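2 protein chains.
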Amino acid sequence: MGLPGSNSGAILSKIATNNQHGENSEYFEGWKAYDKDPFHLSHNPHGIIQMGLAENQLCLDLIKDWIKENPEASICTLEGVHQFSDIANFQDYHGLKKFREAIAHFMGKARGGRVTFDPERVVMSGGATGANETIMFCLADPGDVFLIPSPYYAAFDRDLRWRTGVEIIPVPCSSSNNFRLTVEAVGWAYKKAQESNKKVKGLILTNPSNPLGTMLDKDTLKDLVRFVTKKNIHLVVDEIYAATVFSGDNFVSVAEVVNDVDISEVNVDLIHIVYSLSKDMGLPGFRVGIVYSYNDSVVSCARKMSSFGLVSSQTQLMLASMLSDERFVENFLMENSKRLGIRHEVFTTGLKKADITCLTSSGGLFVWMDLRHLLRDRNSFESEIELWRIIIHKVKLNVSPGSSFHCTEPGWFRVCFANMDDDTLRVALRRIQDFVSKNNNNKIVEKATDKDQVIQNNNAKKQKWRQSNLRLSFRRLYEDGLSSPGIMSPHSPLLRA
Amino acid sequence: MGLPGSNSGAILSKIATNNQHGENSEYFEGWKAYDKDPFHLSHNPHGIIQMGLAENQLCLDLIKDWIKENPEASICTLEGVHQFSDIANFQDYHGLKKFREAIAHFMGKARGGRVTFDPERVVMSGGATGANETIMFCLADPGDVFLIPSPYYAAFDRDLRWRTGVEIIPVPCSSSNNFRLTVEAVGWAYKKAQESNKKVKGLILTNPSNPLGTMLDKDTLKDLVRFVTKKNIHLVVDEIYAATVFSGDNFVSVAEVVNDVDISEVNVDLIHIVYSLSKDMGLPGFRVGIVYSYNDSVVSCARKMSSFGLVSSQTQLMLASMLSDERFVENFLMENSKRLGIRHEVFTTGLKKADITCLTSSGGLFVWMDLRHLLRDRNSFESEIELWRIIIHKVKLNVSPGSSFHCTEPGWFRVCFANMDDDTLRVALRRIQDFVSKNNNNKIVEKATDKDQVIQNNNAKKQKWRQSNLRLSFRRLYEDGLSSPGIMSPHSPLLRA
Chain A
1 MGLPGSNSGA ILSKIATNNQ HGENSEYFEG WKAYDKDPFH LSHNPHGIIQ
51 MGLAENQLCL DLIKDWIKEN PEASICTLEG VHQFSDIANF QDYHGLKKFR
101 EAIAHFMGKA RGGRVTFDPE RVVMSGGATG ANETIMFCLA DPGDVFLIPS
151 PYYAAFDRDL RWRTGVEIIP VPCSSSNNFR LTVEAVGWAY KKAQESNKKV
201 KGLILTNPSN PLGTMLDKDT LKDLVRFVTK KNIHLVVDEI YAATVFSGDN
251 FVSVAEVVND VDISEVNVDL IHIVYSLSKD MGLPGFRVGI VYSYNDSVVS
301 CARKMSSFGL VSSQTQLMLA SMLSDERFVE NFLMENSKRL GIRHEVFTTG
351 LKKADITCLT SSGGLFVWMD LRHLLRDRNS FESEIELWRI IIHKVKLNVS
401 PGSSFHCTEP GWFRVCFANM DDDTLRVALR RIQDFVSKNN NNKIVEKATD
451 KDQVIQNNNA KKQKWRQSNL RLSFRRLYED GLSSPGIMSP HSPLLRA
Chain B
1 MGLPGSNSGA ILSKIATNNQ HGENSEYFEG WKAYDKDPFH LSHNPHGIIQ
51 MGLAENQLCL DLIKDWIKEN PEASICTLEG VHQFSDIANF QDYHGLKKFR
101 EAIAHFMGKA RGGRVTFDPE RVVMSGGATG ANETIMFCLA DPGDVFLIPS
151 PYYAAFDRDL RWRTGVEIIP VPCSSSNNFR LTVEAVGWAY KKAQESNKKV
201 KGLILTNPSN PLGTMLDKDT LKDLVRFVTK KNIHLVVDEI YAATVFSGDN
251 FVSVAEVVND VDISEVNVDL IHIVYSLSKD MGLPGFRVGI VYSYNDSVVS
301 CARKMSSFGL VSSQTQLMLA SMLSDERFVE NFLMENSKRL GIRHEVFTTG
351 LKKADITCLT SSGGLFVWMD LRHLLRDRNS FESEIELWRI IIHKVKLNVS
401 PGSSFHCTEP GWFRVCFANM DDDTLRVALR RIQDFVSKNN NNKIVEKATD
451 KDQVIQNNNA KKQKWRQSNL RLSFRRLYED GLSSPGIMSP HSPLLRA
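So the protein sequences, as listed, match chains A and B.
Under UniProt numbering, the first residue of the first sequence carries the number 1, and numbering increases by one thereafter.
Under UniProt numbering, the first residue of the second sequence carries the number 1, and numbering increases by one thereafter.
Some clues are possibly wrong.
Identical copies look the same in the list; a pair holds intra-copy or inter-copy alike.
Claimed, not checked - With a Cα cut of at most 30 Å, we get these calculated DSS-like pairs of lysine-lysine:
#1 Lys-199 to Lys-438
#2 Lys-230 to Lys-438
#3 Lys-64 to Lys-394
#4 Lys-36 to Lys-438
#5 Lys-231 to Lys-338
#6 Lys-230 to Lys-36
#7 Lys-198 to Lys-352
#8 Lys-109 to Lys-338
#9 Lys-64 to Lys-192
#10 Lys-68 to Lys-231
#11 Lys-352 to Lys-98
#12 Lys-109 to Lys-199
#13 Lys-352 to Lys-394
#14 Lys-68 to Lys-198
#15 Lys-68 to Lys-352
#16 Lys-109 to Lys-192
#17 Lys-352 to Lys-97
#18 Lys-352 to Lys-109
#19 Lys-32 to Lys-230
#20 Lys-14 to Lys-198
#21 Lys-64 to Lys-97
Just so you know, these hints were derived from the structure itself, not from any lab.
As the structure is a prediction and not an experimental result, all values here were calculated from the model.
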């Protein structure tokens, strides 16, 4: 296209050409590989299983039941179409009043009813993706820094930085204390950043953590609130997994801490929450992102910005009705937690059978899987990527390597477990178990052959052997009667996951 | 909120505090006035009638009929709920394939079927608001300039500039040639900008024009395509009113011109179209904005950015079905054009009765009304705003003054006519007629009393007299049997209008 020899790149913006969109990471590479060969129980049983996508498909049946019982909640039914004109024309950036009220109410319920939210502070945005970018635009200038505990959500590099020019400085967490964030670590990173003449504007947390699935305890949160108040920097807490918790532990929202901490220790103008219905309700397609700020100026500014990513009024109306149905919401949250717990238990127990452990967690749609013992070189990220490529292309599971989350230790992987049905999960587990078992056998073979020095340096042959064995084991799997077609996300969104 | 004496402003970004969001313009002030006292035929017959909102409510009955006949197109009906899980989880930023195909097809139909669009170049965005910002982020760096013929859409100051840092330089058009844009005027503005050491990155047009309702002829468009190619700058054409045309004139899309112009005269890498369903389909609440670019790199970049403002998958699915219904689309477009034409005719004829003329136009949801003869001082924008405040607060019509569209001549007003029912339109027309008639009477009274020097300088009394007369005439209006409650947009969105 265009004139021969025209250089289209030169006429575009720096943003368009600076490759800061983050899609070059392995996180997205895995999705692309999955896209080319997506698993389906009956149609493509040898395909790649998507375990890189933090979707929650476990409770959509409850929503479907609600929809069947509430046709008046939609403008596309005989019972609801009379509202069509009003809704189709509704573009007020405050959002439907009953939508904002329902969201505020749901946010409270999703935090165990221990805290309330003011509908007037609920600002819409295009998913958490849009909400996180919006809050950056409100708080920081290009070149300003936000601190983020690492490992952190891979697409933050795009969402927080790409168009805003904000810089991220990680606060490294490590396995030595189970990746627990401490205020000391934050203080250290803050000091380091200042020494490099960076202007630190705030700290961003995901709580529950993506990718760890862990939750911050109340005391740490209090310490962090005191820290940001003292330093006069912002605290943005992305709580999109607030109700995606499955152990007895109660998730603690920063909203609770704001109420708890002594008034002299918190400047609430510095505290902001990002929320979404993509994870807790399992509705990522609906693009409901929320900025909730205690700062009046931020509410006002973010609302003006929300014009760039409003929630469809059709979707607002339906969710307004659904989320104000108290009985439905309570049952949904309880059932969601229960089913997630069961799924997590089945998955981690299955991994244990393959001698694989995960970081202990109580939230999220994923586990933080420890494969350090399978690395060729335990200190090398090259080894992590080497192992990851085997998992993608041979084991045929799209998991995400820790390096794509800026983890500082090689050998950790984020593995999603709620975006598939039970049958697919079983296939995934057996592939992993099979892989580890083959790997162990190979090690024995390797040891034996090393000793006998028979097939030394014959890597090509060995590789072939491994592949044919894997293929055999796959065939066996599908002959085991796993034939019912299962739900599997057919799409690889290069967004929030 | 916050610590006493804390200065929240200082800790926010420049964007949050630079007041470049454009909401200080009269355009928005009028909406706020309307918000406080919205007209309703039966509930608030003395309220302000909203004529500042470019909504199309004339054909929503056709969409409602279609919805009733196609329950399977929605995930919220018994017939469609089986698709719920797939759709609720769909967050691929490419959009549903059938949605993209339907949009591309509709874009062709909306341009008389004289041109086709490639679904692979259709990029979603959060309304035209989001689409216009996205294309700026793709094409220009902070400080770069886009030329825009003035008068131009008031909210461009926000959409194109606020978060991108792009600067706008107007290309002034005037009544001397009916506000026609010429390539010479563009060339002059380009030269001026260069002389001020500004880096001009492109030209943005609205075609059909908002606020003028006029359309560019093919020859001018060709000249502009040649101009941007020669200067190696971009041409962005916002065609969101492409099918909102009501005269025999055929709208010419830049897509047609790209095909028509000799290959040596156009670098298609520089040509981009913004589209939306807010105006042509009357669905602003659904937030469907489209970036359509002939430049592969822009398509790729804009698609990555679309993550910040995707269209709800619920909405995508419904529209995919509706817009691929050939019979529906053809009938809708024909009927829409017909009803708009009738409405435009009724409105402009009504204005003529009050000796008010408008710029001749054949598209848009508004007229460009000439009230220069009613200004106290024909050369003063203060007089325009003075008259505008009377129209808002006394005549009780929210129209938009030309100055809020950066018009360089005082006395022009944009008046929307398609966001209300026939009864409300009649009330609006009679208010205008009444106002002009009172105004003329007052002039006669003024002249007489000036001569007799009886009530000289007694402005307060005169004002009171005017108000009581206006009130009387209003009362009469509502006693004329206008009692059926009419459709009226109850909301004042501070966004695309």
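| field | Intra- versus inter-copy proximity for Lys-192 and Lys-64 (alpha-carbon distance at most 30 Å) | value | neither (51 Å within a copy, 60 Å between copies)
| field | Within, between, both or neither, where Lys-352 and Lys-394 count as close if Cα-Cα is 30 Å or less | value | For Lys-352 and Lys-394, only the intra-copy Cα distance (21 Å) is at most 30 Å; the inter-copy one is 77 Å.
| field | Alpha-carbon proximity context of Lys-36 and Lys-438, limit 30 Å | value | Only inside one copy: Lys-36 and Lys-438 sit 26 Å apart there, 73 Å across copies, limit 30 Å.
| Intra- versus inter-subunit Cα pairing at 30 Å for Lys-198 with Lys-352 | For Lys-198 and Lys-352, the Cα distance exceeds 30 Å both inside one copy (44 Å) and across copies (64 Å).
| Can you tell me if Lys-109 and Lys-338 fall within 30 Å by alpha carbon in one copy, between copies, both or neither? | Answer is within; shortest intra-copy Cα gap is 16 Å, inter-copy 50 Å.
| Under a CA distance limit of 30 Å, which applies to Lys-199 and Lys-438: within one copy, between copies, both, or neither? | Neither, since 51 Å and 62 Å both go past 30 Å.
| field | 30 Å Cα threshold - placement of Lys-36 relative to Lys-230 | value | neither (51 Å within a copy, 42 Å between copies)
| query | From the Cα coordinates, with 30 Å as the cut-off, is the pair Lys-230 and Lys-438 best called within, between, both, or neither? | reply | neither (55 Å within a copy, 64 Å between copies)
| Is it within a copy, between copies, both, or neither that the alpha carbon of Lys-352 lies no farther than 30 Å from that of Lys-109? | neither (34 Å within a copy, 59 Å between copies)
| query | Given a CA cutoff of 30 Å, do Lys-68 and Lys-352 count as a within-copy pair, a between-copy pair, both, or neither? | reply | Answer is neither: 40 Å inside a copy and 53 Å across each miss the 30 Å cutoff.
| request: Tell me, please, which holds for Lys-231 and Lys-338 at an alpha-carbon limit of 30 Å: within, between, both or neither? | output: Cα proximity of Lys-231 and Lys-338: none, with 40 Å in one copy and 63 Å across.
| task | State whether the alpha carbon distance between Lys-352 and Lys-98 is at most 30 Å within one copy, between copies, both, or neither. | result | neither (47 Å within a copy, 43 Å between copies)
Comparing the model with each numbered hint stated earlier shows that hints 1, 2, 3, 5, 6, 7, 9, 10, 11, 12, 14, 15, 16, 17, 18, 19 do not hold.
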